[in-house]
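Turn these sequences into a full structure, and let the hints guide you.
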Amino acid sequence: MSERETDQALVERAQGGDNRAFDLLVLKYQQRIAALIGRYLRDNSEVMDVTQDAFLKAYRALPGFRGESAFYTWIYRIAINTVKNHLVAQGRRPPGDDVEAEVAEQMDMGGRLRDQATPERELLTDEIANNVQAALDGLPEDLRTAIVLRELEGMSYEEIATAMSCPIGTVRSRIFRAREAIDKRLRPLLMS
Amino acid sequence: MSPLRLTALLFGLLGSAAAAFADEGAAAILHRMNRSAEHVAFEGTLVYLHGHDLAALRVSHRVGAGGSGESLFSLTGPVRALARHAGGVTCMLPDSAPLTVRRPAAAGGLLGGLVLDFSALSSHYGVARHGVFRIAGRETDVVSVMAKDVYRYGYRFYVDQASGLPLKVDLLAHDRVPIQQIMFTDIDIDPAAAPPSGGEPPARPTPAPGDDADWEPRRLPSGFAVISRANFERDDGATVRQLVVSDGLASFSIYAEPPATGVLRGESQLGAVSAAGGRIGEHHVTVVGEVPLATVRFVLDGMAAALD
Amino acid sequence: MSTDLEKQRICCLMDGEAGRFEAAAAINDLLGSPELVGSWERWHLIRRALRREPNDLAARNIAGRVRAQLTATSGPTEPAPLPRIPHGSRWLSAPVGGALAAGMALLGLAVVLTRPVPGALDGDVQLAATTERWQQQDPAVRNRLDRLLFNHHEQMAGPARSGVGLYVAVIGYERLP
Numbered sequence: 001m002s003e004r005e006t007d008q009a010l011v012e013r014a015q016g017g018d019n020r021a022f023d024l025l026v027l028k029y030q031q032r033i034a035a036l037i038g039r040y041l042r043d044n045s046e047v048m049d050v051t052q053d054a055f056l057k058a059y060r061a062l063p064g065f066r067g068e069s070a071f072y073t074w075i076y077r078i079a080i081n082t083v084k085n086h087l088v089a090q091g092r093r094p095p096g097d098d099v100e101a102e103v104a105e106q107m108d109m110g111g112r113l114r115d116q117a118t119p120e121r122e123l124l125t126d127e128i129a130n131n132v133q134a135a136l137d138g139l140p141e142d143l144r145t146a147i148v149l150r151e152l153e154g155m156s157y158e159e160i161a162t163a164m165s166c167p168i169g170t171v172r173s174r175i176f177r178a179r180e181a182i183d184k185r186l187r188p189l190l191m192s
Numbered sequence: 001m002s003p004l005r006l007t008a009l010l011f012g013l014l015g016s017a018a019a020a021f022a023d024e025g026a027a028a029i030l031h032r033m034n035r036s037a038e039h040v041a042f043e044g045t046l047v048y049l050h051g052h053d054l055a056a057l058r059v060s061h062r063v064g065a066g067g068s069g070e071s072l073f074s075l076t077g078p079v080r081a082l083a084r085h086a087g088g089v090t091c092m093l094p095d096s097a098p099l100t101v102r103r104p105a106a107a108g109g110l111l112g113g114l115v116l117d118f119s120a121l122s123s124h125y126g127v128a129r130h131g132v133f134r135i136a137g138r139e140t141d142v143v144s145v146m147a148k149d150v151y152r153y154g155y156r157f158y159v160d161q162a163s164g165l166p167l168k169v170d171l172l173a174h175d176r177v178p179i180q181q182i183m184f185t186d187i188d189i190d191p192a193a194a195p196p197s198g199g200e201p202p203a204r205p206t207p208a209p210g211d212d213a214d215w216e217p218r219r220l221p222s223g224f225a226v227i228s229r230a231n232f233e234r235d236d237g238a239t240v241r242q243l244v245v246s247d248g249l250a251s252f253s254i255y256a257e258p259p260a261t262g263v264l265r266g267e268s269q270l271g272a273v274s275a276a277g278g279r280i281g282e283h284h285v286t287v288v289g290e291v292p293l294a295t296v297r298f299v300l301d302g303m304a305a306a307l308d
Numbered sequence: 001m002s003t004d005l006e007k008q009r010i011c012c013l014m015d016g017e018a019g020r021f022e023a024a025a026a027i028n029d030l031l032g033s034p035e036l037v038g039s040w041e042r043w044h045l046i047r048r049a050l051r052r053e054p055n056d057l058a059a060r061n062i063a064g065r066v067r068a069q070l071t072a073t074s075g076p077t078e079p080a081p082l083p084r085i086p087h088g089s090r091w092l093s094a095p096v097g098g099a100l101a102a103g104m105a106l107l108g109l110a111v112v113l114t115r116p117v118p119g120a121l122d123g124d125v126q127l128a129a130t131t132e133r134w135q136q137q138d139p140a141v142r143n144r145l146d147r148l149l150f151n152h153h154e155q156m157a158g159p160a161r162s163g164v165g166l167y168v169a170v171i172g173y174e175r176l177p
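Residue numbers (the numbering used here), protein chains in the order written: chain W, 1 to 192; chain U, 1 to 308; chain S, 1 to 177.
Read the hints as simulated data drawn from the structure, not as lab findings.
Careful, some of the hints might be misleading.
Cut-off 25 Å, straight-line C-alpha distance, at most; resulting in silico cross-link-like pairs (DMTMM-like, lysine to aspartate or glutamate) [as the list claims (entries may be wrong)]: (1) 84(W) to 68(W); (2) 84(W) to 126(W); (3) 148(U) to 186(U); (4) 57(W) to 4(S); (5) 84(W) to 46(W); (6) 84(W) to 127(W); (7) 84(W) to 141(W); (8) 57(W) to 41(S); (9) 57(W) to 68(W); (10) 184(W) to 127(W); (11) 184(W) to 141(W); (12) 184(W) to 29(S); (13) 57(W) to 43(W); (14) 184(W) to 35(S); (15) 57(W) to 141(W); (16) 57(W) to 46(W); (17) 148(U) to 267(U); (18) 184(W) to 53(S); (19) 184(W) to 137(W); (20) 184(W) to 138(S); (21) 84(W) to 53(S); (22) 184(W) to 41(S).
Stretches of chain U that chain S covers, calculated by requiring three or more beta carbons in the stretch to come under 8 Å of a beta carbon on chain S [claimed, not checked]: (23) 80–90; (24) 128–139; (25) 145–159; (26) 251–258.
Even glycine gets a Cβ: it sits at the ideal position worked out from N, Cα and C.
Right under this line is the structure:
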């Protein structure tokens, strides 16, 4: 089941009344939508407010979502409209250079939509990034290779299995263990 | 065309007879495959090759508290679909009205409950293990069950190491040439539905002798025996009598009914399924099952000869 | 305490590598375990970090804020019962075209189509005559043989056992033009 199909499955559960499924979608996309909205707004608390508002709008519109587009494309449009309306309401002129949603979806195929971070937010990101990089560097070779091929090269498990000459089950295990190891290193920072 | 049926049958008896296999590893694999046929839910796409014709089907098997069921849907050629449900089987074929066959109340899951003497079975089949092969991206153990005469097919099973499901089944002629092959190209298996641990199937009582001795077979190919009897009603109210015959792996049914229109006179095949029909005394008899044509012909000829 | 198996399943889910059944199981696990939800959120954050995409610590609170807002405005919601095998999203609702759908509807029969129905089925479906089934010209003979075969299969398999193998030839049999 592709990522898009997984999102759709969560949407359907949310449409069926399970808000926990919608919560999983928010957890998955909150960073991306916040980064997207951060391209339009400088004030971080304003970014968070508008991001929250975008997700609430999406929740209310959820019964009408039929899955014709990917969930991210849909929430992307809602987020752009929300931030533009916000700017208009503030008497500010919204920029017109946002990436079209369809293009965003295409770029999103490998999960590679690059958000443009402001210097301020880059500073906030640094600590997480440094910890993740340090954890990555400390991984055993086989785990590091598996997670890099997956996350940076966008390879499927089958492709990674071929590249590493091992069964798919081993790839699954390696990627899981790599994530767990990085998570373990990162957890104290995120919990604090 | 039921390689998997045979598979399942095979395993019904393996429950008690695994030790009789020359290859203990093969026995364990087949035993697990038998249990998986009942307890593992899956869905996937398979290809079916018979002769020079290739077809693709989408299939699913559901298991749950609400009952089991499954569906098959052709992805190539004329649209054909079949669903098995609690009440029986409903089928849509291109050249006839929808067909529903109710499952008789006494229908029994003979594949799961059959207990035979494997030492007798092993005189007609040879079992061997052939290593590991990859099917649908998954590792499988390959086990062959080869027929020793022309009255039954041989089988080569590619059994998924993770679930026990057969992902590829080759049906083999006596000379080991494949007659048909069924192979999953992708399959999604419910990881929560692992087959339960062993346990022997309950012994099946020997069927009582029939009362229609005039049409019952006087001879059967070596190794085959009557394992079940049933009666059911035809649309016009006439009674159709059925004998289920098996050697522990292969099986066929002998049906006897009052003569009517639309019955088979002569021989016929559907893939690896063979049928033969003709008038035997006061009855019209049809023999049908996934066995070679030689087998159904042998049975019907034997019944006719007994009346001469 | 979540098991490694459950976590590995979540891992596959976020990579789009879980099969349908596995994905359903993973989602069920996620919905029932705050611990797994924590992993879900952090693993996505790690993904972004590995890809040099920005993470904002403040944005980690968005979900909690949305959750609180939804609870405040609508009260706690009763989750819908989780089907063991969830609907196949668009798969199950995909229209089955032509005579097949009509026939199945008449039978009151739901054929579980588990993949998007191929486009060809959405148009006019020609139920072309396949006169060579059983090599019998008379449809009544073909029909009777099908009945006898089905009856035999059902006697052998019983209600619980998979009959997929039994019926592959019945549904798969076709002669190419």
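### Pair hint residue 57(W) and residue 4(S), alpha-carbon separation not exceeding 25 Å
The given pair, whose Cα atoms are some 36 Å apart, is violated under the 25 Å limit.
### Query
Straight-line Cα separation of residue 84(W) and residue 68(W) no greater than 25 Å?
24 Å, holds
#### Entry: Hint consistency between residue 57(W) and residue 68(W) [alpha-carbon to alpha-carbon, up to 25 Å]
18 Å, holds
### Query
Regarding the pair residue 184(W) and residue 41(S), is the alpha-carbon distance no greater than 25 Å?
The given pair, whose Cα atoms are some 14 Å apart, holds under the 25 Å limit.
#### Entry: 25 Å Cα cutoff - pair residue 84(W), residue 46(W)
13 Å, holds
### 8 Å C-beta test of the segment 128–139 of chain U against chain S, three or more residues
The restraint on the segment 128–139 of chain U is violated, since only 0 of its residues have a Cβ under 8 Å from chain S and three are required.
### Message
For the segment 80–90 of chain U, count the residues whose Cβ lies under 8 Å from any Cβ of chain S; is that count three or more?
### Response
Satisfied; 10 residues make the cut.
### Query
Given the proposed pairing of residue 84(W) with residue 126(W), does the C-alpha separation stay at or below 25 Å?
Given that 25 Å is the threshold and the Cα spacing comes to 29 Å, the pair is violated.
### Query
Can the restraint linking residue 57(W) and residue 43(W) be considered satisfied, given a maximum Cα separation of 25 Å?
With a Cα-Cα distance of about 21 Å, the restraint between residue 57(W) and residue 43(W) holds, given a limit of 25 Å.
### Query
Keeping to a limit of 25 Å between CA atoms, is the pair of residue 184(W) and residue 137(W) held or broken?
14 Å, holds
### Message
Next pair to validate is residue 84(W) with residue 141(W); report whether the Cα-Cα distance is within 25 Å.
### Response
46 Å, violated
### Query
Taking 25 Å as the top limit, are the C-alpha atoms of residue 84(W) and residue 127(W) close enough?
31 Å, violated
In this structure, the hints that do not hold are numbers 2, 3, 4, 6, 7, 15, 20, 24 and 25, in rising order.
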